[in-house]
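Protein chains in written order, with this note's numbering: chain A, 1 to 242; chain B, 1 to 397; chain C, 1 to 123.
Hints may contain errors.
Derived DSBU-like pairs (lysine-lysine); straight-line CA-CA distance at most 35 Å [as the list claims (entries may be wrong)]:
{"hint": "1", "chain 1": "C", "residue 1": "Lys64", "chain 2": "A", "residue 2": "Lys197"}
{"hint": "2", "chain 1": "A", "residue 1": "Lys217", "chain 2": "A", "residue 2": "Lys231"}
{"hint": "3", "chain 1": "C", "residue 1": "Lys64", "chain 2": "B", "residue 2": "Lys158"}
{"hint": "4", "chain 1": "B", "residue 1": "Lys13", "chain 2": "C", "residue 2": "Lys2"}
{"hint": "5", "chain 1": "A", "residue 1": "Lys121", "chain 2": "C", "residue 2": "Lys96"}
{"hint": "6", "chain 1": "A", "residue 1": "Lys162", "chain 2": "A", "residue 2": "Lys89"}
{"hint": "7", "chain 1": "A", "residue 1": "Lys162", "chain 2": "C", "residue 2": "Lys2"}
If you are wondering where the hints come from, they were derived from the structure by calculation, not from laboratory data.
Residue strings, one per chain:
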Amino acid sequence: MGMDRRTFLKLGGALALGSLITPGSQLLLASQENKTGNESKTRWAMVVDLDKCSGCNKECEEICRDENNVPHYGNERYDAYWLRVADVKQHLPGVETRERHIPLMCQHCDNPPCVHVCPTKASFVRDDGITLIDEHRCIGCRYCVIACPYRARSLIFRKSDKWTNEEVPKMMIGVVTKCSFCAHRVDKGQDPACVEKCPYNGLIFGNMNDPNSEVAKIIATKNTKILRPEKHLGPKVFYKGL
Amino acid sequence: MARKYYFARIEGKTPKYYWTVGILGALVLGWLVASYIRFVEGMYLTGMSHSVPWAGCKVLFVLFVGLSAGSFILSALAAIFKQKEYKVLSRVGGYVAILFMLGALAILLTDEGRPDRVLLLFVPGNINPRSMLSLNAFIYTSYITCGILYLWAQLREKEKVATALGIVATVLAVGVHSGTGFLFSIANGREAFFTPITPIAFVVAALSSGTGIAMIILYTTFKLTKRTIDMKFFIQLRRILTGLIFFVIYLMTIEHLTHLYVPEHQEAEFYIFGGGFFTWAFWGGLIGIGGLIPIILLLNPATRDKMKWILTASALHVFGVLCERMIIVLPGQFLPQPIMPGYEIGSAFRDGVITNYLPSVAEWTQIVGVIALVALLYILGLRMLPLLPVEGKYIKE
Amino acid sequence: MKMRAIIAFLAFLIVLTLPFLVSAGSGNILQSVQAPEIELPDPELGECVEDVSYMRANHMVLLKEERERAVRHGERGDYSLSNCFSCHTNITTFCKRCHDYAGVKPGCFEIEEGCHYAPTSND
């Protein structure tokens with residue numbers, strides 16, 4: 001009997017090891033895939049020129065909502081935001097610092113934690129670097145909301161009748177949504193709505209793999225910053241003048 | 001001297017039994033109704049927000065996943081380690097383990113935004129090997145399947161099959177608990193979550209709270225069905241429980257000391273320890289009520305051999321582990337994420353604000369309903385399956 | 001005991017066939033129901049993207065594949081809903097009649113709950 005038990009334990013141990021190794025090797029493969037993905041021809045990126053952003057009436061929030069039918073219920077707890085303008089102040093005790101305004105949206109990382117944690121691959125990175133959500137596949141587990149370091153994602157908490165732009169579907173209830181870089185416009189060759197309609201032209205959109213694009217030139221020559229570089233996520237929204 | 005026990009169903013014809021079934025059934029119905037309304041109307045009926053997307057239901061989920069383990073280990077002691085005396089508990093322990101896991105999956109399912117789409121988790125093209133949740137879907141289901149097969153082998157007295165399945169299920173149980181711990185510990189976005197120790201702490205706390213709840217359930221069942229149970233089990237389990245409680249406290253100390261040392265995590269630690277609800281939950285709930293008091297009760301010679309004190313200690317420890325689960329799930333989400341460190345930030349999306357969360361009526365109904373579901377299935381199972389030993393009837397081999 | 005089992009089986013059988021019994025009772029099942037007539041779009045607009053018979057059988061597959069391509073790869077082609085609606089300008093007289101007859105609910109643009117825009121007779 002003792003021998004039997006030992007063999008069983010051995011088998012169990014081998015099973016446990018095996019179950020660990022398979023996902024481990026898959027992990028490696030997945031990270032390889034990501035690296036090749038970046039070398040495709042188009043890689044959409046955005047530059048936010050903060051010197052031009054006056055925080056106006058936070059018009060881009062409204063523009064974005066109208067373009068993408070993002071619901072607004074008037075309840076701070078569950079209002080969805082694809083793009084929001086945050087008021088930031090450098091934290092220097094005793095010194096009155098200038099208040100600045102910074103549009104925050106999905107940063108479209110190369111290495112997005114939200115995509116890594118999605119249990120159904122509803123979140124994915126498109127070949128041109130845009131991170132998207134397949135709303136027909138999302139099961140609403142909200143793990144990605146936990147995992148996103150930029151708070152870019154919002155759940156649709158309530159049925160929404162907002163349908164300002166009929167080219168874009170209405171929001172589905174119970175799924176997670178976020179900024180798509182206006183993928184429906186980008187596919188038609190247009191800029192995202194916020195870029196096109198910003199009254200101060202503070203947002204620039206383009207292909208950062210094309211050395212002649214405005215975005216690539218700004219990133220190459222001017223001083224731009226990305227948010228939370230310590231996370232090594234490779235965000236594709238660059239902030240100039242932060 | 002080996003004994004072979006007889007097992008039997010309970011009669012279950014007293015008015016008390018029917019009343020219990022009725023009340024529990026009503027609560028389960030409440031769970032179904034609340035879940036349906038929540039699904040149709042939307043999640044705004046819960047207390048959750050964009051900052052706190054995993055809340056009360058997830059706390060119950062991780063607690064139940066934990067409780068499942070202890071009962072299973074108790075049951076498997078007889079099968080794997082040939083502790084013949086534990087054969088008395090093997091069937092009922094295995095059954096309770098399956099129920100807790102089912103309860104955990106029930107609350108997980110009805111907590112999703114789109115429970116109607118849950119089968120998409122199992123479509124081959126959708127499986128995401130980098131996602132712990134995707135892998136967990138398979139680990140959880142195989143654990144339950146294995147548990148059911150194990151129970152079947154126990155009911156049919158197939159000793160060798162039960163031993164084999166018991167080993168596989170024990171390995172899977174470790175996977176289930178580490179996997180659930182990983183859900184939190186590898187979430188990149190929340191500072192307070194990141195720690196490699198969570199999966200280990202999860203397994204240990206699961207074992208300790210599971211042993212505690214199993215003792216309470218077994219004692220209550222045997223008492224209510226007028227069976228006597230050998231005090232010897234509880235003395236042995238008491239020793240295991242004491243060791244595990246020490247281990248839980250040790251791991252929690254290590255985790256929080258590590259975090260306190262690193263400036264990046266200090267803010268989160270100061271939030272947990274800087275007064276308020278979680279400070280009470282940690283010092284009062286986990287360390288005091290769930291740790292020190294049970295240890296004193298279990299080590300003090302005056303109390304350690306008395307049934308009621310062992311049970312009190314178990315109940316207190318389960319409460320302590322509930323507090324620990326809350327400390328794992330909630331404060332990491334309450335804290336604002338440092339999107340721009342060194343800046344004060346504020347926006348309409350509640351950036352830079354410490355959010356709060358209170359479970360709503362819908363969530364309480366779901367939580368109570370799922371607890372009732374587990375209890376209901378338990379007492380129905382006692383009547384339908386021969387789980388409990390027949391008093392004084394055994395064969396000497 | 002045997003009696004009870006037979007009664008239980010009969011009750012089960014009745015519950016199982018309840019939908020058929022109800023529609024038989026209301027007389028629908030005995031009439032031969034004609035397939036509904038749908039209003040076809042103006043023939044001057046040209047041919048549909050595929051054969052009519054093929055479309056009749058497989059339009060949902062095409063739409064689903066198109067959705068996969070558009071969402072996942074950004075390839076927005078001819079099989080999209082908006083392209084359908086450029087000719088079929090009224091879903092109440094085109095889509096809905098057949099769908100009601102077949103008892104299939106097109107979830108994409110059900111007037112109350114769907115998310116996609118569809119032109120109706122009210123427009």
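Outcome of the hint check:
Our distance criterion of 35 Å between C-alpha atoms is met by lysine 64 of chain C and lysine 197 of chain A, whose separation comes to about 33 Å. Between lysine 217 of chain A and lysine 231 of chain A, the direct Cα distance comes to roughly 25 Å. Compliance with the 35 Å bound is thereby established for this hinted pair. Only pairs whose Cα atoms come within 35 Å are accepted, and lysine 64 of chain C paired with lysine 158 of chain B is rejected, the gap being roughly 50 Å. Distance check on the hinted pair: lysine 13 of chain B and lysine 2 of chain C sit about 24 Å apart at the alpha-carbon level, within 35 Å; holds.
Our distance criterion of 35 Å between C-alpha atoms is met by lysine 121 of chain A and lysine 96 of chain C, whose separation comes to about 33 Å. Of the supplied pair hints, the one linking lysine 162 of chain A and lysine 89 of chain A holds, its CA atoms being roughly 34 Å apart against a limit of 35 Å. This hinted pair does not check out: lysine 162 of chain A and lysine 2 of chain C have alpha carbons roughly 61 Å apart, beyond 35 Å.
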